[in-house]
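Trainee: Take a look at the letters that make up each chain.
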Amino acid sequence: MSFWRIKDYWPDPNTNLAQDWYDLQEDEVQAEFDIAVILLAATVDWSKLPGFIPRKGRYTGLYEIVVDVKLPYEKKKRHYRPIGIWRPDSQDFIILLVCEKNGKTYDPSLDTALSHKRAWEQERKGDIHDHKF
Amino acid sequence: MTINFERIWQKLTKSKRYRAQFVSAQAKRSFPYQLRAIMKKRGMSQETLAKQADISQGVISRAANPNYGNLTINTIVKIVGGLDMAYIGLIVPFSELAKWVANLSEEGVQVSTFDEENILAPVKTRGDVPLERRPPFPHGQRGSALDAMRETIQ
Chain A
-5 MSFWRIKDYW
5 PDPNTNLAQD
15 WYDLQEDEVQ
25 AEFDIAVILL
35 AATVDWSKLP
45 GFIPRKGRYT
55 GLYEIVVDVK
65 LPYEKKKRHY
75 RPIGIWRPDS
85 QDFIILLVCE
95 KNGKTYDPSL
105 DTALSHKRAW
115 EQERKGDIHD
125 HKF
Chain B
456 MTINFERIWQ
466 KLTKSKRYRA
476 QFVSAQAKRS
486 FPYQLRAIMK
496 KRGMSQETLA
506 KQADISQGVI
516 SRAANPNYGN
526 LTINTIVKIV
536 GGLDMAYIGL
546 IVPFSELAKW
556 VANLSEEGVQ
566 VSTFDEENIL
576 APVKTRGDVP
586 LERRPPFPHG
596 QRGSALDAMR
606 ETIQ
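Note that the protein sequences, when read in sequence, are chains A and B.
According to this note's numbering, the residues represented by the first sequence are -5 to 127, in order.
According to this note's numbering, the residues represented by the second sequence are 456 to 609, in order.
Bear in mind the hints are in silico, worked out from the structure with no lab data behind them.
Glycine included, C-beta positions come from ideal geometry on N, C-alpha and C.
Please note that the accuracy of each hint is not assured.
[Unchecked claim] Away from chain B, derived, C-beta distances all over 10 Å, residues of chain A:
hint	residue
1	ASP21
2	GLY97
3	PRO102
4	HIS125
[Stated by the list, open to error] Here are the simulated DSS-like cross-link-like pairs (lysine-lysine), alpha carbons at most 27 Å apart as the crow flies:
hint	chain 1	residue 1	chain 2	residue 2
5	A	LYS95	B	LYS533
6	A	LYS69	A	LYS111
7	A	LYS98	A	LYS42
8	A	LYS111	A	LYS126
9	B	LYS471	A	LYS71
10	B	LYS471	A	LYS98
11	A	LYS70	B	LYS496
12	B	LYS554	A	LYS70
13	A	LYS126	B	LYS496
14	A	LYS42	B	LYS466
15	A	LYS42	B	LYS469
16	B	LYS496	A	LYS69
17	A	LYS64	B	LYS496
18	B	LYS495	A	LYS42
19	B	LYS483	B	LYS496
20	B	LYS506	A	LYS70
21	A	LYS126	B	LYS533
22	B	LYS506	B	LYS495
23	A	LYS98	A	LYS50
24	B	LYS554	A	LYS95
25	B	LYS496	A	LYS42
26	B	LYS471	A	LYS42
27	B	LYS466	B	LYS533
28	A	LYS64	B	LYS506
29	A	LYS64	B	LYS554
30	B	LYS554	A	LYS69
31	A	LYS126	B	LYS506
32	A	LYS126	B	LYS469
33	A	LYS98	B	LYS469
34	B	LYS466	A	LYS64
35	A	LYS50	A	LYS69
36	B	LYS496	A	LYS71
37	A	LYS71	A	LYS119
38	B	LYS495	A	LYS69
39	B	LYS495	A	LYS70
40	B	LYS533	B	LYS483
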């Protein structure tokens, strides 16, 4: 049984950025993402967890989950990064969006994630719903 | 997020490619998950386990990282040996995998060491003839198996 609840941020009633990203991925990426999220949700202590990175500096308050995927037909790993808000008191993690990381570049950018965080926390825009596994 | 057997099974029906990667990801990530859960429960540091397993702390660190993914059976067996626990790598049907994932919890992946099992599971003898020897605990059922054993001993 999951210890943490994984949720998705919906900037508007018709948009779930995490789900939109997921739906566009190959089956292999979806499978890796699913297992990564399931195991994370069943991990009690995330504070020293390899693959769970608190962002610093101007992105403080954002958290990054490392989901590296090695596809059988590609030489290099792909680096996906669900970015979100970790709320230990509520025992949940809200996925704002999922980026692909290449070197130090995030696509979409961490600024986009930050703008969603501000919209949700400060402007009360959008909504959160349970992540649909 | 509701994770249950039916939902996982539904996902597995998506495609063979999905299933293959699901198996690969589970194989890669479940050992680090269980290792961290066992070490945490026992308050064991990476340094301590490294000494017990006669390998470097860096190897333990990589083994505990779910994104590493290059662990060899040799390394796994050394680490498990350091814990004085057993390891079985088996081919299983997808229903087993789905059950494992659906029931996943840190408590459920805890395992006894050999000494812990041996103390609680003595061989009853009449003279030199063993009358009863307890079977190993089913994976994830340590609590109930130990309770049953305590009752027998009393």
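Trainee: Now look at each hint and say whether the structure bears it out.
Mentor: Do the hints match the structure? See the list:
1. ASP21: violated (4 Å)
2. GLY97: Correct as stated: the minimum Cβ-Cβ distance to chain B is 17 Å, above 10 Å.
3. PRO102: holds (21 Å)
4. HIS125: About 5 Å separates HIS125 (chain A) from the closest Cβ of chain B, which leaves it inside 10 Å; violated.
5. A:LYS95 to B:LYS533: violated (34 Å)
6. A:LYS69 to A:LYS111: With a Cα-Cα distance of about 35 Å, the restraint between LYS69 (chain A) and LYS111 (chain A) is violated, given a limit of 27 Å.
7. A:LYS98 to A:LYS42: holds (22 Å)
8. A:LYS111 to A:LYS126: Holds: LYS111 (chain A) and LYS126 (chain A) sit about 20 Å apart, inside 27 Å.
9. B:LYS471 to A:LYS71: holds (20 Å)
10. B:LYS471 to A:LYS98: violated (33 Å)
11. A:LYS70 to B:LYS496: violated (36 Å)
12. B:LYS554 to A:LYS70: violated (32 Å)
13. A:LYS126 to B:LYS496: Violated - the C-alpha atoms of LYS496 (chain B) and LYS126 (chain A) are around 30 Å apart, more than 27 Å.
14. A:LYS42 to B:LYS466: Not satisfied, since the Cα-Cα distance of roughly 30 Å exceeds 27 Å.
15. A:LYS42 to B:LYS469: Distance ~34 Å between LYS42 (chain A) and LYS469 (chain B) Cα, so the pair is violated.
16. B:LYS496 to A:LYS69: violated (38 Å)
17. A:LYS64 to B:LYS496: violated (31 Å)
18. B:LYS495 to A:LYS42: Holds: LYS495 (chain B) and LYS42 (chain A) sit about 11 Å apart, inside 27 Å.
19. B:LYS483 to B:LYS496: holds (21 Å)
20. B:LYS506 to A:LYS70: Not satisfied, since the Cα-Cα distance of roughly 34 Å exceeds 27 Å.
21. A:LYS126 to B:LYS533: Violated. LYS126 (chain A) to LYS533 (chain B) sits at ~38 Å, over the 27 Å cutoff.
22. B:LYS506 to B:LYS495: holds (17 Å)
23. A:LYS98 to A:LYS50: holds (14 Å)
24. B:LYS554 to A:LYS95: Not satisfied, since the Cα-Cα distance of roughly 33 Å exceeds 27 Å.
25. B:LYS496 to A:LYS42: OK: LYS496 (chain B) and LYS42 (chain A) at ~15 Å, within 27 Å.
26. B:LYS471 to A:LYS42: violated (35 Å)
27. B:LYS466 to B:LYS533: Violated. LYS466 (chain B) to LYS533 (chain B) sits at ~34 Å, over the 27 Å cutoff.
28. A:LYS64 to B:LYS506: Answer violated: LYS64 (chain A) to LYS506 (chain B) is near 32 Å, above 27 Å.
29. A:LYS64 to B:LYS554: Status holds; Cα separation ~25 Å.
30. B:LYS554 to A:LYS69: violated (32 Å)
31. A:LYS126 to B:LYS506: violated (43 Å)
32. A:LYS126 to B:LYS469: Given pair LYS126 (chain A), LYS469 (chain B) holds - Cα atoms ~16 Å apart, limit 27 Å.
33. A:LYS98 to B:LYS469: violated (33 Å)
34. B:LYS466 to A:LYS64: holds (20 Å)
35. A:LYS50 to A:LYS69: violated (31 Å)
36. B:LYS496 to A:LYS71: violated (33 Å)
37. A:LYS71 to A:LYS119: Violated - the C-alpha atoms of LYS119 (chain A) and LYS71 (chain A) are around 35 Å apart, more than 27 Å.
38. B:LYS495 to A:LYS69: violated (35 Å)
39. B:LYS495 to A:LYS70: violated (33 Å)
40. B:LYS533 to B:LYS483: Between LYS533 (chain B) and LYS483 (chain B) the Cα gap is close to 17 Å, so the pair holds against 27 Å.
In summary, the numbered hints that this structure violates are 1, 4, 5, 6, 10, 11, 12, 13, 14, 15, 16, 17, 20, 21, 24, 26, 27, 28, 30, 31, 33, 35, 36, 37, 38, 39.
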